[in-house]
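This is what each chain is made of:
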Amino acid sequence: MAILLVADHENGELKDTTAKTLTAAKAIGGDVDILVAGDNVDAAKAAAALAGVRKVLTASSPALGQGLAEAFEALIVPLAANYDVVLVPSTSQGKNFAPRIAAKLDVSQVSDIVEVVAPDTFVRPIYAGNALETVRSAQAKQVITVRPTAFKPAEGGGSAAIEAIDAGAGSAHSRFVGEEKVKSDRPELGAAKIVVSGGRALGSAEEFNAVIDPLADKLGAAVGASRAAVDAGYAPNDYQVGQTGKVVAPELYIAIGISGAIQHLAGMKDSKVIVAINKDPEAPIFQVADYGWVADYKTAVPELMSALG
Amino acid sequence: MKVLVPVKRVIDYNIKARVKADQSGVELANVKMSINPFCEIAVEEATRLREKGVAEDVLAVSIGPQQAQETLRTAMAIGADRALLLQCDTDLEPLAVAKALKAVAETEKPDLILMGKQAIDGDNNAVGQMLAALLGWPQATFASKVEVAGGKATVTREVDGGLQTLEIDLPAVVTVDLRLNEPRYASLPNIMKAKKKPLEIKPVGDLGVDVAPKLSVVKVTEPPKRSAGVKVEGAADLVAKLKSVGVL
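As you go down the protein sequences, you meet chains H and E in turn.
Reading the first sequence from the start, the letters are residues 1 to 309 in the working numbering.
Reading the second sequence from the start, the letters are residues 1 to 248 in the working numbering.
Quick caveat, the hints were computed from the structure, so don't treat them as lab data.
Keep in mind it's a predicted model, so treat the numbers as computed, not measured.
One or more hints might be untrue.
[Stated by the list, open to error] Capping the alpha-carbon separation at 16 Å, the derived lysine to aspartate or glutamate pairs in EDC-like fashion look like this:
hint: 1; chain 1: E; residue 1: 145; chain 2: H; residue 2: 42
hint: 2; chain 1: H; residue 1: 55; chain 2: H; residue 2: 42
hint: 3; chain 1: H; residue 1: 279; chain 2: E; residue 2: 233
hint: 4; chain 1: E; residue 1: 243; chain 2: H; residue 2: 251
All chains, please: the whole structure from these sequences, using the hints.
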């Protein structure tokens, strides 16, 4: 079995989602090649250093750097002839291009797997994580997206060869206009060990920043938010944790003023330890919280800050 | 301009899905069903394009059982002009749905296909991208802003780390994200009017596309339950407990 793993990387740095997807690849078994595609492919060195990689392919073009799905299709569909499995991390970029490739290969994609049961059998969450579906795919070729938080990162210590390949053409029908990145010095939400999340109870963007940010900084945590907080404009879209936002599984998740709707739980219920601070003792979040504190955040968060010293 | 809006009938988003005891799937008998929330946003956006005079014809399409007619009536009450139900009693895989929609697109020749980014039952997030690929059209997924003018669409997309703007030539497929708009409530007069709008029904088999499943569901199980937690008395108690389990 030969597996092509499409790396997640940015600005020359390999994201740990790639190492986590590699663990899923190893569970499927076979020779794993990593494809680093973009305008900057410096992350190939880090990819080659992951243990158990056969080789690293690099493909460089501006359209790939801009993440255009059509460019990824043009690159990966011909390449897939050499592989049995194309494995893509379920990031916004991976979700964007992987189904395009699957359709071109006439393959039913297996989306967002959280477990490899056998080389052709996978577990994936459905219904906002309220059910787990085990699916078997007898297809000769597989396109699979992997939920990175469900796998441990593969170790380093490898030294695979790096080979540049032709980047393929993009589509003339889609053009990159611009982007607006949210600047943050905090750990990345998807990879953070601790996440502090705020909900609608915070009441305003100023309050969100004044309450959540200092606690996150004290804990070295990433900041998350419920959809209600994002929709109300208290936090940027990118902070949203849930079925429609990011799926996180940190060591510690602290939910402040979040009721715990099904859609939010879908994004965080695999966290190791969940703490809920909410003044409503009936809030559904308490049903999944390991430690629940029924208190107004206005008094609880400052107390917590001082208890942390 | 003609806009095609695929819509799906799914379990209502407020209902917690329950797994059947025989592990064959999720219990859907006597469960409230509704239009998939992302599809509703797509219908709203198509309706707004119509109100701006950009779109002249908005066709809502659903693939599903007889009852999916209700979903299509909902779409027409929001503003779709007409509807097509491709009747099918099993839940099709995204690839099969994309193939069926491709056949519809080839007949109807829409300039724009607006659809939800994912259905909240299968959580696949795949049909739009697959449809774009099969048609050979450009795509813009996870749209939070859509402007259509001069045979092009300028779409702002929600991506990890922020927002990205693309310009795509029409015809194209755009999948919508939650923040694109707030769907209107259908008014009673519009619900009544929607009953008179044309709704065509034909079996999905008439399209002549292969919709046979390629994946088999081995079982559907409940996710592991989290063990019941404890209430803490205050900050010092909480910090001590977090330290004792090693997360602080």
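Right, here's what the structure says about each hint:
1. 145/E <-> 42/H: Outside the cut-off at roughly 33 Å; violated.
2. 55/H <-> 42/H: 15 Å, holds
3. 279/H <-> 233/E: 13 Å, holds
4. 243/E <-> 251/H: The hint holds at about 12 Å.
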